[in-house]
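Now for the letters of each chain:
Protein chains: 2
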Amino acid sequence: MHQITVCFTPVQFPYYHYEGCNAVAIDILRATTSICTAFLNGAKEVIPVSTIDELKIHTDREYMIAAERDGIKLDFADIGNSPYYFTRDMVEGRTIAYSTTNGTHTINLAAKCHTAAVGAFINISALCRWLEAGDRDVFLLCAGWKGRFNLEDSVFAGAVAQKLIDTGKFTTICDSALAAMDLWSLAKPDLSGYIKKAAQNERLRKINSADVIPYCHELDLTDIVPIYRDGVLKAL
Amino acid sequence: MHQITVCFTPVQFPYYHYEGCNAVAIDILRATTSICTAFLNGAKEVIPVSTIDELKIHTDREYMIAAERDGIKLDFADIGNSPYYFTRDMVEGRTIAYSTTNGTHTINLAAKCHTAAVGAFINISALCRWLEAGDRDVFLLCAGWKGRFNLEDSVFAGAVAQKLIDTGKFTTICDSALAAMDLWSLAKPDLSGYIKKAAQNERLRKINSADVIPYCHELDLTDIVPIYRDGVLKAL
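Chains as they are written, first to last, in this note's numbering: chain A, 43 to 278; chain B, 43 to 278.
Here chain A stands alone, though its shape is the one from the complex (with noise of 0.2 Å):
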């Protein structure tokens, strides 16, 4: 029996044991689902970059940018953190430089573990299915919000874990999978619906980006899963 691991930030992720585990990088809304939306749609590689001086360095490159902080697209990007921006035409081919107030740093750290995958609702059973096959202990680390819990990055590693155990190949002595797993289990039968008090929601609601949040909470749209290597995410 393989272990279980959720962490709930990243500030949070010295405290664990990850070595030797498979990794998963989870940022909902939005980071996460806007990069399996990119590989959806033909991206070639994503450069997760965690500060924007480190990004700025790419600009001289033939790379497009996505970058934004507090859900703001940063004036030298080329595009912003929605899924919305990723489409066929902005992304097939290309070599995307990305940087987000949360979830590339949290892409960086879960790197640190063995082999570190990129996870969304919209590629969840290709996730689960990478995983099992992976026959190793699996860290799931959630983006949160600046240090902070988030719901939805939890319910979704709640839905993860349960997926896994259900597998029988997987186990959990980690109080954060037992919490995730029962928050999923609320949250499950109506998953819109549970979401709606998310802080998130209000602060993309502010930036007239809520429309994003169903897209985000979709099932298996894609059976790509982005895998961190050397650097760069490339598509499984």
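Quick caveat, the hints were computed from the structure, so don't treat them as lab data. Among the clues, some could well be false.
Just a few of them, taken from the derived set where beta-carbon distance is under 10 Å, the chain B residues facing chain A [claimed, not checked]:
1. P56
2. E194
3. L225
Cut-off 20 Å, straight-line C-alpha distance, at most; resulting in silico cross-link-like pairs (DMTMM-like, lysine to aspartate or glutamate) [stated by the list, open to error]:
4. A:K239 / B:D208
5. B:K230 / B:E260
6. A:K188 / B:E61
7. B:K205 / B:D232
8. B:K239 / A:D177
9. B:K188 / A:D208
10. B:K188 / B:E174
Every residue, glycine too, gets a C-beta built ideally from N, C-alpha and C.
Please build the complex by placing chain B on the supplied structure of chain A, with the hints as guidance.
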């Protein structure tokens, strides 16, 4: 309407707004339950001490020393961290210098808020009356376990948040408060049964101390709310 914030671990504390709040330090298994028990049994004061080095300063004074790390009593301490040690014979009229793995550091962090109290299931109703009378925003700080989320503190935070919201004088836009209340809604019908899956249950079992768990989840054994002022906890 006053806001309720829940912070699941001390490592996340700097990322939340806590200024001006009345705070509650929460370490159900076992520090805050033990402190409430000490006052129930007539202790005069409790000095929460974060580190072992700081605690050693107190060994030449006439204070009683209560201290553990990872559940085991430190060799220079008079007693460890089980609430069962804090009997009337041991503690009545005494000042106790107290240090535990997670709990006392949490109390000292909570003290950065406007006023900090110590909360446990055994004083939950009195605690909620104090918070309601306090007429301020409320910050519920869980000790967790070494930077990790734990179930028992989070469920307690949810119980307090729900009681406060039920007064009609409080609300929340904090995802961790919403999650904590959801966990409480699941735990409430059979609190002792729900908490059996918590990791701390297993840790206490391994050191033959699991017998305190039912006691730590009993409701309202005392009306005393320990309040922090100038480095010392006293009964309100």
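So, going through the hints one by one against the coordinates:
no.	hint	verdict
1	P56	holds (7 Å)
2	E194	holds (8 Å)
3	L225	holds (6 Å)
4	A:K239 / B:D208	holds (17 Å)
5	B:K230 / B:E260	holds (12 Å)
6	A:K188 / B:E61	holds (17 Å)
7	B:K205 / B:D232	holds (17 Å)
8	B:K239 / A:D177	violated (25 Å)
9	B:K188 / A:D208	violated (29 Å)
10	B:K188 / B:E174	violated (30 Å)
When each numbered hint is compared with the structure, violations occur for hints 8, 9 and 10.
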